[in-house]
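K.L.:
Given next are the chains, with one letter for each unit.
2 protein chains.
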Amino acid sequence: MPHPLDPVFHPRSIAVVGASAREGARATGFLGALLELEYQKDHALYVVNPRATEVRGVKSYPSVLDCPDPVDHVISLIPRDGAQQLLRQCIQKGVRSLHFFTAGFSESGDPEMTRIEQEMVAEARAAGMRMLGPNCMGMYIPSEQVSWMLNVPKEPGNVFALSQSGVNAGAIISDLAERGVRFSKVVSFGNGADIAAPELFEYAAADPETSVVVAYIESVRDGRRLFEALRRCAAVKPTVILKGGVTGAGARAALSHTASLAGSLEVFDALCRQVGALRVETLEQLHDVTVALTTGLRHATGRRAILFGIGGGFSVLSADAIAREGLDLPELPEPVQEAMAVHLPIAGNSVVNPIDATFPAGPRTLVPEKVLPIVGTAENYDVLLASVDPPRAPNEPPPTGPTPPPIPEDERPREILEVLTEVQTKSGRPVVAVSRSREPARFSHFAARAHREDIAAFPSIARAAATVGQLATWQESRAGLPDLLR
Amino acid sequence: MPHPLDPVFHPRSIAVVGASAREGARATGFLGALLELEYQKDHALYVVNPRATEVRGVKSYPSVLDCPDPVDHVISLIPRDGAQQLLRQCIQKGVRSLHFFTAGFSESGDPEMTRIEQEMVAEARAAGMRMLGPNCMGMYIPSEQVSWMLNVPKEPGNVFALSQSGVNAGAIISDLAERGVRFSKVVSFGNGADIAAPELFEYAAADPETSVVVAYIESVRDGRRLFEALRRCAAVKPTVILKGGVTGAGARAALSHTASLAGSLEVFDALCRQVGALRVETLEQLHDVTVALTTGLRHATGRRAILFGIGGGFSVLSADAIAREGLDLPELPEPVQEAMAVHLPIAGNSVVNPIDATFPAGPRTLVPEKVLPIVGTAENYDVLLASVDPPRAPNEPPPTGPTPPPIPEDERPREILEVLTEVQTKSGRPVVAVSRSREPARFSHFAARAHREDIAAFPSIARAAATVGQLATWQESRAGLPDLLR
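Read top to bottom, the protein sequences are chains Y and S.
For the first sequence, the numbering used here gives the first residue as 3, with consecutive numbering after it.
For the second sequence, the numbering used here gives the first residue as 3, with consecutive numbering after it.
These are calculated hints, taken from the structure and not from any lab test.
Note that beta-carbon positions come from the ideal geometry of N, C-alpha and C, so glycine has one too.
Watch out, some of these pointers could steer you wrong.
[To be verified] Using C-beta positions, here's what the derived DEER-type ranges look like:
# : chain 1 : residue 1 : chain 2 : residue 2 : range
1 : S       : Asp-271   : Y       : Asp-391   : 33 to 41 angstroms
2 : Y       : Ala-481   : S       : Asp-271   : 44 to 52 angstroms
3 : Y       : Arg-227   : S       : Glu-420   : 15 to 23 angstroms
4 : Y       : Pro-158   : S       : Ser-479   : 52 to 60 angstroms
Looking at chain Y on its own, in the form it has when it is part of the complex:
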């Protein structure tokens, strides 16, 4: 049986109401994003604007009722005053779902606007039409060529994201896309007057295209329903939740943002633990955990970490940072240490853990290639954190300074990513790449390539360690629930 949201997520025709070339970047953003994903190639696309005959090559009609064929989905960019009339026209036209980017309803704090919002939902529901928003960005569904943002990946993936905030939904898409993560569906639902978090969790739980669910939530309107939906979802798929408005000041901001009564952190935290959801505290953590859950790192089973490749005071601080995140740094077995030592012959290197391989006597670039596979033979660890110098991104200028001498043919190293993939595969234990580059372009180029090879990449040791710790804590908290990480 199809889910009630299935038609919403598979629109065969879309009308963008209020799009105009002159209304600035935001309005053209919606139309432009659909054009960028070539929605119009396999679907019908209309503009509704009485003052235009076409916008960016898309034919424009005076009203939704004038569109020649059925319209499945409508995106409303018009001012609030015209919203109710548009709603009625959409019902008359037989539109299946109406998305209000239009704002100024319950989130304004005006009781009259809250009443109107509720009336509109009732009217839509009575007619069998679904409403998205108001005050939201809508849907990014790459498999359907639907998007509200420019510069998003065209190819679909297995992550379902739902977000009460459009800004945060956009950050989730762009930051994770840069790191190689791809999405089945992303839904920004704003005030959530009709379509809201519980129904979206239920959909995601059953969606065959979704393996991981991530959510940004501000309000809990119907706690019982959210609890049930979250429980169902977290039982079958890793479900990551970021709750906004967990402090008094944050809750006040949430109220004026999406008309949300935020509720206390304690209640929400208990709810997550009870259903087995993974609660994070920042967007950065949400991104990091999602990278972990969509790479080989999801198979991490414990807290024993090896740190490879860091030397000097960095290794001391890195070891402190790793321990602070609740991980252990076990000493490697004697035979493994001895096998490594052959390749790390100079004073100052360490074969214990952290493994310091920063100043080898030979051609330094060969050391990871020789030592990492040896590390992988150790039996007493759960995850290997490898600090690596990622190769340059294609459009990155070469470093200034003298050109290094050419490396002889037989001493030329393989690419580091190839070595990491081999160790992860052969050892059966996750390898994590921690980039030493501070340039975001270089990091994301490397991270995206690593993600394709099932390797999780992080921009710092502290963030990699925190993520491993969070996975372990979550896994421990799910005692009695199905193991979703095998």
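Fit chain S to the known structure of chain Y by using the hints.
P.N.:
Chain S only, in chain Y's frame:
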């Protein structure tokens, strides 16, 4: 009376022993760094290398004894085996200080090498010569044109940094220099066999060129002496300490790094609180706190923060992040809210706190200029965090996409930094710039310019808030000690 370290920090002549064009980047790094700061212009500079007559234009001599004039300071890059002979030659030559980059002594864990290290110190002391290291990078003193690193600022500043680790000393210099901080002296002292932390704290306390002291410490050899030196220093100057090896794994790494027995975090933390030093946990925090102590942010007197310029879900999460760091976000007085509201007319904006000024109806660029001075008139806050879009760095390409329409002359905004400076000056309360750019080049270009105007800049709201919280906690812990932040 001059401090015993004064001659060490003011060398009139330097010999780099073991420098050669073929010894690779590290060796030429030391000589190259001196040349880059033009040390040779006002001082005598020699190379000692029996296999060269000159290196990079600097005349080379077979031994220190062959240098024609007195040599104040010697930098040793030679292998460990020749160290004792070099030491004796230096004594014979009347050298005042000998810096061993040379490693492989007590940090190797070999008791014989520990014995030799101690013997060398005794020999040097008996002859009145000071020893720096072994196993360290030495000194960066811009006022004396002395450096071990390339690409460091030529102009001096008021921050004294001491570090047991050369890698961390380098990170302190380059990361803080990028953000506009300048240094009186930076000393990397490695094993600290002779010159070590206590004496450096004593020097920094009395140094008229130093206003702020920051330290990376791994070991505490003589707890009583360190306590006394730190107490003296922290009584008169803000003193920031990062302790490495505070966990079991970190301590193990420290042992092989600088032969340090690291000691427990609890003991060290109590020590810092007792003397009034500001303990940080990461290099990033050390940098952030140093930026705060060298800008108007050092005058922050409490935890009441205003957040300006953030909208949507970001404002909810930012408010949460700020509250999580122990700060309050007070509501602004009614008259201030009303005065702001005139310039923030659209639905969705908030004048409460956080102040959301992201989608103004008018030319959005003018809003900060009009609203920030009004915020500054509020009396119920301690620090104003302004989220800003920093101007592009000079070598940064313009963004892709359509060119925005030209702004009419009378609606063209002043530069944001000018507005922030004016509000900080007029209100008498610190303004903090939080960059919305994710590009490090753009952030550091802006941060360095802001630092010159006495404005602290941070790359994220969470880091800005954490820094304000740390300053407040530190200030509270100093009850009974002199107020160093007025």
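K.L.:
Next, verify each hint and record whether it holds.
P.N.:
Right, here's what the structure says about each hint:
1. S/Asp-271 / Y/Asp-391: 33 to 41 angstroms: 35 angstroms, holds
2. Y/Ala-481 / S/Asp-271: 44 to 52 angstroms: 35 angstroms, violated
3. Y/Arg-227 / S/Glu-420: 15 to 23 angstroms: 52 angstroms, violated
4. Y/Pro-158 / S/Ser-479: 52 to 60 angstroms: 53 angstroms, holds
Hints 2, 3 from the earlier list are contradicted by this structure; the remaining hints agree with it.
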